[in-house]
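Engineer: What follows is each chain in one-letter form.
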Amino acid sequence: MWYFSSPLIVYGEDALSHLTTLEGHRAALITDDTLVRLGFAARVIQNLQQAGLQVVCYDHVEPEPSLEQVQAGARFLLEHQPDWIVALGGGSVIDAAKAMWILYARPDLEPEAINPIERFNLRERARFVAIPTTSGTGSEVTWAIVLTNRAERRKLGLGSREAIADIAIVDPALVLDLPPRLTADTGLDALTHAIEGFTSTYHNDFTDGLCLKAAKLVFEYLPRAYRYGREDAEARAHMHFAATIAGLGFGNAMAALAHGMGHALGAIFHIPHGRAVALALPYTIAYCASGEPGSTRYAELAAYLGLPAGNEQTAAQSLLRAVWDLMKQVDQPVTLAEAGISRDDLAREMEWLVAHAMNDTQTIMSPRIPDESEMQTIFWQIYSGEIDL
Amino acid sequence: MSIPFPSDAWIKAMMEDLNQSQAYEEAAKNWEGDFYFVIEPGGSLDHTVILYMDLWHGKCREAYEVKDPEARQPAFWLSGPVQTWKKVMTRQLDPIQAMMTGQLRLRGNMAMVMKNVRAAKELVESCTRIPTIFPV
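These protein sequence lines are chains X and Z, in that order. Okay, so the first sequence: first residue is 1 according to the UniProt record's numbering, each after it adds one. Okay, so the second sequence: first residue is 1 according to the UniProt record's numbering, each after it adds one.
With the rest of the complex left out, here is chain Z (with noise of 0.2 Å):
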């Protein structure tokens, strides 16, 4: 069955899959870091939403929807309209690319980001096997 994009259930599907992949968890091992994913309006998304992850050497502790901003204070925030989501997560467009142009907008420490670009690009793998509609 497939889960609407953005949504706290969508977000602990994701959890569910990452926690189940060897290849995040070999890739992301060295990796400490939450993150809020800010999926910006388009289409018959109205609003912002903010999705949580909690991802610690190679799992995720924690993931959920979050109504106030103000609650955590993520290690990382990466930003951007819901399109652009939509293209990453079904292939059309390469996660580091839309980074590099300005489509998603990556904040934090870049210093990790650049030691682990392979946990990166096996968390958005993650992404793509989730079944998901998508406002877009």
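Next up, chain X with everything else stripped away, as it sits in the complex (with noise of 0.2 Å):
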């Protein structure tokens, strides 16, 4: 037995009027500041009063939200009492409000204790809707919360079945203007999602279409999104999808390694959550395939994509280098050398690195799990670049 879940996706041209049809009493729109600035916040408020909601707003989540920060927004919720939550933002933003949505209906709950098993009845406190402002993170349709725990410099991998939202509103509008680091960093994002959530543990036939799919748009459309911008609304509105539909995907059959690791490198030296992933993801493919004969998918994957596949080893080289590929088309570093981190950086750090990747909730998903001592190898190649296939 296992589960599928996923919100009401509206998506496309004009998705973000769909909130004038909510029905209720008072909204409470969570965001940043930046989206504030940018007038995205004001044009949310208007949609959500013209459907007759009061609205109240929450603009301090930070990138990388804490247990401390989502706290102070679970308090937000308690004081002004909405029966409608509305995220608008990346991944950070609806993470903290997914988050805050669960200390809302639970506040005697420690933030680390958020967790898939227990029920907290969220929907008898609020309804939730989350409105995407970048093409990667997913979560939109995951019940996936990532925190961070800034005293022991860890993410932590949480969630909730019942913190999945009740509408997502994918609008490419809102992403015509990413700027092109952002857009890299959040594609690659979507890209390890697709390319893991097809070759986790839990991967079953209801994500695997959605995973190869996302996977293909990624390929297509992120360097056009990187290079063109706002003048190349398809491609923009391509990766918007590809984003959702990876989400779709790997939260329904969860994430590996990659993940683990990546958390790992943006909990110690605060690279950004889908530019250490994607760092990751070609190290990780190149491990796991080295691991017993037959236990990956990469060739199925590789075919699908029109890359080499002959046979396991092959799809899996192929494959990497694909990523690798799409990594310099848009500018990002392929190793840790190339994002900034220096050798004696990396060995003062590697004891916590090797902790917490080995802890984190996505790794035991992956089909190769490392041990402590294949985990500092790993880390190792991704400074350097050397891989071992």
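For the record, the hints were derived by calculation from the structure and aren't laboratory data. Where a beta carbon is used, it is the ideal one built from N, C-alpha and C, also for glycine. Treat the hints with care, as some may be off.
To be verified - Label-pair distances were calculated between CB atoms; the ranges are:
no., chain 1, residue 1, chain 2, residue 2, range
1, X, 385, Z, 59, 38 to 44 Å
2, X, 123, Z, 25, 23 to 29 Å
3, X, 42, Z, 57, 51 to 57 Å
4, Z, 124, X, 80, 42 to 48 Å
5, X, 201, Z, 62, 28 to 34 Å
6, X, 328, Z, 90, 45 to 51 Å
7, Z, 109, X, 123, 23 to 29 Å
8, Z, 47, X, 5, 34 to 40 Å
9, Z, 109, X, 72, 44 to 50 Å
10, X, 306, Z, 75, 50 to 56 Å
11, X, 80, Z, 75, 43 to 49 Å
12, X, 220, Z, 92, 35 to 41 Å
13, X, 60, Z, 136, 52 to 58 Å
Join these two chains into a complex; the hints should help.
Structural biologist: Here you go:
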């Protein structure tokens, strides 16, 4: 027995106007100060007011939201008692808003204890709309929540199946002016979701097609979206949809080792999430493909993408090289050294990196799980660019 | 020789296996918390059996069948029908999926669990290594 979870997805031109159809009393808009400054928050508020809702706004979400921050946001919700929570932003905002929603329903809960096993009865307090303003995280359609424990310098992969949005509004107009660096970082996050969702041990018939399609869209449209920005609205729209499709895929099949290692790299070195998981991805492909023959699905994936896929090893090699090529096309670092991390920094932080990656909730869905020594080796490979395949 | 599950002999065999497992020791080095594993009736098992394990920093300090559930106040309870335990222990059912779908019910400090998921996985790996006779 397993589940496939999805919100109602409203997508395409003018999707934002769906907000005018919401029924309720009070909406809490959760966002960040950049989106307020850019006028996006005002557009959302206008639509919500048109629906007859009172609107309160919490715009203090920061990148890599902390445990303390979601507790502060939950206090805001408890004070204002909304029956709708509307998250407008990238993965940080949407993840933070989901955690606030849970703490709004369960104020007694420590954020670190958010888990997919207990019932929280979230919808007795409020329903949830997610509006992504980046094309990558997929958080608008997943129940995953990543929070940062700043004291322990650790990202926590949390989640609850209840914490999936009721409505995801995927409006490409909101990403037309996404800066190139953010386009690349988040687009590669979507690719990592698609590849890991297809190859994780939780993959299933319901998610395979989504992951394959999303991977193909990212390979095709990310370079154009990165290069031409708002001038290529078609590429922007396809990338925005690809991110949501990848989110549906990995959200119901889980991610794997590149996410476990990427979370550790992000928490220790503050590398943006999408860049961190993409840095790890080619090396984790090589690691998994070097395990028990036939234990990965790279051949099927590479074949679908039109890459050489004669056998598992060839497929893994062609896939990781395609990922590298894409990263280079969008001017991303392909090693930790290129990302500005020194050998000394890596050596000094290795113990923490390994400990966090080993216990990340996504690592255990990898088709091959490294021990501590192997994990260290992979981190050094990410540093140097040496692939063992 | 296969050992009947659930039984005192079985949980002691698992303790021995865990204490020899480098993978478990590595994965559970931060784990603090004892368990009641509650195996509910099914097949030829006509009563609930409770097995106790004291898990501490990668080692199992004590393990036995509990006759009086009031005897201890463990940090965690993991409960489910014997059929579900068998599916998990024979790799027909992923333990995390079993808990997420309510087929096994976990009670305890969830923050500790979410930070140590690999320890849980290695714990189940140990179960699968014990030659076992099931009552179903």
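Engineer: Taking 50 to 56 Å as the stated bounds, is the beta-carbon spacing between residue 306/X and residue 75/Z within them?
Structural biologist: Check passed, 52 Å falls within 50 to 56 Å.
Engineer: Given the hint of 38 to 44 Å, is the C-beta distance from residue 385/X to residue 59/Z inside that range or not?
Structural biologist: Check passed, 39 Å falls within 38 to 44 Å.
Engineer: A range of 34 to 40 Å was offered for this pair. Does it hold for the Cβ distance of residue 47/Z and residue 5/X?
Structural biologist: Taking Cβ atoms as reference, residue 47/Z and residue 5/X lie about 37 Å apart, which means the hint holds.
Engineer: Given a hinted range of 28 to 34 Å, is it respected by the beta-carbon distance of residue 201/X and residue 62/Z?
Structural biologist: 32 Å, holds
Engineer: Holds or violated: 35 to 41 Å for the Cβ distance of residue 220/X and residue 92/Z?
Structural biologist: 39 Å, holds
Engineer: If I claimed the Cβ atoms of residue 80/X and residue 75/Z lie 43 to 49 Å apart, would that claim hold in this structure?
Structural biologist: 36 Å, violated
Engineer: Please check whether residue 42/X and residue 57/Z have a Cβ separation lying inside 51 to 57 Å.
Structural biologist: 53 Å, holds
Engineer: Tell me if the beta carbons of residue 123/X and residue 25/Z are separated by a distance inside 23 to 29 Å.
Structural biologist: Given about 42 Å between the Cβ atoms, the range is violated.
Engineer: With 45 to 51 Å as the target window, see if residue 328/X and residue 90/Z comply at their CB atoms.
Structural biologist: For residue 328/X and residue 90/Z the Cβ distance comes to about 46 Å; the hint holds.
Engineer: Given the hint of 42 to 48 Å, is the C-beta distance from residue 124/Z to residue 80/X inside that range or not?
Structural biologist: 44 Å, holds
Engineer: Range hint 52 to 58 Å: satisfied by the CB atoms of residue 60/X and residue 136/Z?
Structural biologist: 54 Å, holds
Engineer: Would you say the C-beta atoms of residue 109/Z and residue 123/X sit inside 23 to 29 Å of each other?
Structural biologist: Holds, since residue 109/Z and residue 123/X (Cβ atoms, about 26 Å apart) stay within the stated range.
The structure fails to meet hints 2, 9, 11 from the earlier list, while all remaining hints are met.
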